[in-house]
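Starting from the known structure of chain A, arrange chain B with the ligands on it as the hints suggest.
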Amino acid sequence: MMSNAVSIIQELEAIALSPYKSVMRTMKETGKEAIGCFPIYAPEELIYAAGMLPVGMWGGDTELKLADRYLQTFCCSIMRSNIEYSMKGAYDMLKAVIIPTFCDTLKCICENWKVSAPRIPVIPMVYPQNRRIDAGFVYMTEELERVRGALEEISEKPITDAMLEDAFAVYEAYRSAMREFVSVAAEHPEMINARSRHLIIKAAYFSDKKAYTDKINKLTEALKKESVKPFPGIKVVATGLIAEPPALLDIFAKNNVAIAADDLAQESRQFRALSRKSGNVIQRLAWRIVDQQGCTFLYEVEKTRGQMLIEQVRNTGSKGVVVFMMKFCDPEEFDYPIYKEELERAGIPVLYLETEQQMDSFAQIETRVQSFAEMLA
Amino acid sequence: MDDDKKLTSKDFLNQLVAKHYEGALQAKAEGKPVVWATSICPQELLETMDLATVYPENHAAAIGARKGALEFIENAEGKGYSSDNCSYARVNLGYADIQKAEAQDIPMPDLLFCCSNICNTVIKWYENLSKTLQIPLILFDMPFNHTYEVPEHSIRYMRGQIEYAIGQLEDFTKRKFDYDKFGEVMELSNATCEWWKKATDWAKVIPSPLNGFDMFNYMAMIVCMRGNADGHRLFKMWHDELEAKAKAGLGPWNSAEEQYRVMWDGIACWPHLSTTFKALKKYGINMVTSTYPDSWNVRYEKNDLSGMAKAYASNYANRNLDYDEDNVVRLVKDFSLDGIVYHSNRSCKLMDFRQYEIQRRVEAATGIPSVVFDGDQTDPRAFSEAQYETRIQALVEMMEENKEARRKG
Ligand code: SF4
Ligand code: SF4
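Taken in sequence, the protein lines are chains A and B. Residues 37 to 413 (my numbering) make up the first sequence, in order. Residues -1 to 407 (my numbering) make up the second sequence, in order.
The hints are simulated quantities; they were obtained by calculation from the structure and are not laboratory data. A quick note: this is a predicted structure, and the numbers were derived from the prediction, not measured. It is possible that some hints are incorrect.
To be verified - Listed below are several chain A residues computed to face chain B (Cβ distance under 10 Å; list not exhaustive): (1) Cys112; (2) Leu142; (3) Ile169; (4) Pro281; (5) Lys363; (6) Asp366.
Glycine residues also receive a C-beta, built at the ideal position from the N, C-alpha and C atoms.
Same shape as in the complex, but just chain A (with noise of 0.2 Å):
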C-alpha cells in the first residue's frame, strides 16, 4: 500500500513540476486541445463539457525580459511570467486562454494579452462582485452563457446541457475528492510533507480531471491505511494566493512543519465550497461563486477570512497561520491588515512572507521559518 501511495504522490509531483511537458502529454494521451485558465475561478467546467482540457496558468520561474514592453517592475510576478510566457510562444499550443477580471491587473493583462499574443483567442469574463444580488446572479449566468458561446466557436461543436451536466459531475467528484484528500493528509504529514501537498494539488491544472481524481481517490484510500504516527513537527495553516516556489516549501519540510489546512487561492479555493444541487448547470456554477466565502478576490463585506482561519488553526490543531503574501498582490495585500488583527487578537501566531515567482535567495526566509517552527513547538 504504502508504495502505491509513494509512486502516485511522486507521478502527481512530477506532473507539477513540469506543466509544459505534462500538459503535452494530457493533450496527447486524450487526443483533447487546451484552453488556459487564468486565475482564480476560470469556469472549467464550460471548457470540459466542450470536450477541451482545461489547463491552470499560474505563472512560473521564468527570467523576464519580454514582459517589460507591457508591464512595470511593480506588477505580479505571476502575470509578467504569464505575459513573458505568452511572448516566448510557451503558450501556443493553447486553442484559447479564458482570463476573468477579478483585479485591476488582470483588467489590464486581458488587454495586453491581445497583442502580445495575438495568435492565441482570449475569452475575457467578467465576474460580479455585487454577485449576492439578483442582477449580480443573472449577470453571472449571463457571462457564463457568453463563454460557453465562446467556446462552443472554439470547439466548433455545440455545448449541450447534457454535456454540461456530465463536466459538472467530473468536477463534483473531483471536488469531493479533494477535500477528503486534504482532511486525510492533514493526518499524515510524515507523508505528505508542505512541498508534497502543493504539488499533488496543483498536479490537477495540468491534468485530464477525471484521470486526476481517479489517482488522487487511490492516494486517499492508501493514506487511509496507514496508521496515524506522532508527528515530530508542528502543524500550520496556509494563506495567500499561491504558496510557491517549491524551493520555499522545502524549507518548511526540512524544518517538519506540515500544512495542514489552507486557504490558498490556487488551492482549497478551487474546492471548498460546496455545490448547490437546484438549478441548471449555469446557475449552479454561479452558486459556486455566490456562495464562496472568505475569498478576496469576492467582494465580502463582512469579511470572513480571518474568522475562517481562526476556525481552521482550531479544528486542524494547527499551531500558526503562514501567509504566502505574492507582492504587488493588491487584492491579497489589502486583506492581510484585517486577518492579521483577528488573527493576533485570538492569540494565533503569524508568519508573514513574502514572495515572487523568481527567487534566487531562501537564506533569510529559512532563518524566519525556523525560529517561527521553534517558537511553536
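Chain B with the ligands only, in chain A's frame:
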C-alpha cells in the same frame, strides 16, 4: 449680485472647498449621517437623499498637496498595509485611525458608497473601512469593459444595482426616495458636467487660456459638487472666464508664453505639484488636457437609469485598449498636442499596466513624442525630481525637433 462681479471662479472655488468640508463637519456635529464615497460614483442618489458626503480621494489629495501624507501612510503601513497599495487608500485608512489632519479634517462616516468604475482597488479599500468602522457599505460594481462599448447585459446589471442601492438608502435613512427630486438632481448634474466639459474644452484654443494645473484644482469640485447649484455656478463661472480670456487671446500664464502643449496622463503628483508644474513652465510647456475632463463628463438623459448606469461605466479607466487609444489620439488632435507626459503612478495599477501599449499606439498614430516618469499621487517617496527633469528635457528636445521639421515643411 454686486459681489458676483468681483468674485472670481478661483475665489468661489476656495469658498466652496471650505463650505464643502465645513458643511460635512457641521452635519456630523448635528448628528446627521455622513457618507464617504468614491470619486466617480453615482452621487445623484446621495444628493437626492440629502446626505452629507465627503470624498476620501479628494481628501487624500488635499493632504498630499499640503505635504501631510506621510504621517497617514506610515500609520497604515504600521497596520500591515503594503507600501505597494494605492496611496489614496493608505492615506485614508491612516486617517480613519488617526482622525486628525492638519491639512483638513473630515467627519467620520456612517455609510460608505463605493463604485468600482475607477478600479477594483476601491472595493478592497472600502470593504476594510466597513469592517474596521463597523458601518454599512453600498457597492456599485461596474464591470470592466473589455469590449469597445459597454455591453447591454452589463448595463442591466448596473441598473439593477442602482435600484437595489435606492432600497439600501431608504433602509439606511428610514426615508422614502424622492423620485421627483432625483430627476432634478440628474438634470443639474448633467448641466454641471456640461459646463465642466465646456470649460476644459477652452484649452483647445491656441494659446490655451487654461493652465492645466488649475484644472487639477477644479477637479476636486467636479468630484463633490456635480449635483448641486454651487457646483453648477462654479463651472459656468470658470467657463465664462476662460471664454473671455480665449477671446482676448490670453494664454495660460502672465509671466510666460505657451510654447508647447502637452497632455498629462494619470493623476497629479500632489506632494510635488509645484515642482512638476515649474519644470514644465520653465520650458513654456502647458499641460492642456488629460483623460479627466471626460471622466467627469457623465452625461445621460434625465430619468434614464440605464443611460445613467452606462455613463458611469464609460470612464477611461474602465475601457479597453482600443477605446483608450482612440480617445488619446482624439485628444492629440483636438487639443493640438505637441507631446504627452505619462505618469507611471505607483499607486494605480489599472492606469499603469496599459500605459506602455497606449504610448506606443498613440505615437504610431500621431507621431508626437512622449515620456514616462515614475511617481505617485500622494506618496512623496516615489518621485525623483532629477528623473522628472531629465524626462521633461528629453521631451522638449523631441518636441522641438518636430517643430523644426514642421517649420522646414
Ligand atoms: S494582482 Fe493578485 S489577483 Fe491580480 S493578477 Fe496579480 S496575483 Fe493575481
Ligand atoms: S488611484 Fe487608482 S487604484 Fe487608487 S483609487 Fe484611484 S483608480 Fe483606484
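Consistency of the hints with the structure:
This hint holds: Cys112 (chain A) has a C-beta 9 Å from the nearest C-beta of chain B, less than the 10 Å allowed. Given hint, Leu142 (chain A) at the interface with chain B, holds; its Cβ is 9 Å from that chain's nearest Cβ, closer than 10 Å. The restraint placing Ile169 (chain A) at the interface with chain B holds, with a minimum CB-CB distance near 5 Å, inside the 10 Å limit. Because the smallest distance between the Cβ of Pro281 (chain A) and any Cβ of chain B comes to about 20 Å, over 10 Å, the interface hint for this residue is violated.
Interface restraint check: Lys363 (chain A) against chain B, minimum CB-CB distance 7 Å, threshold 10 Å, status holds. The beta carbon of Asp366 (chain A) comes within 6 Å of a beta carbon in chain B, closer than 10 Å, and the hint placing it at the interface holds.
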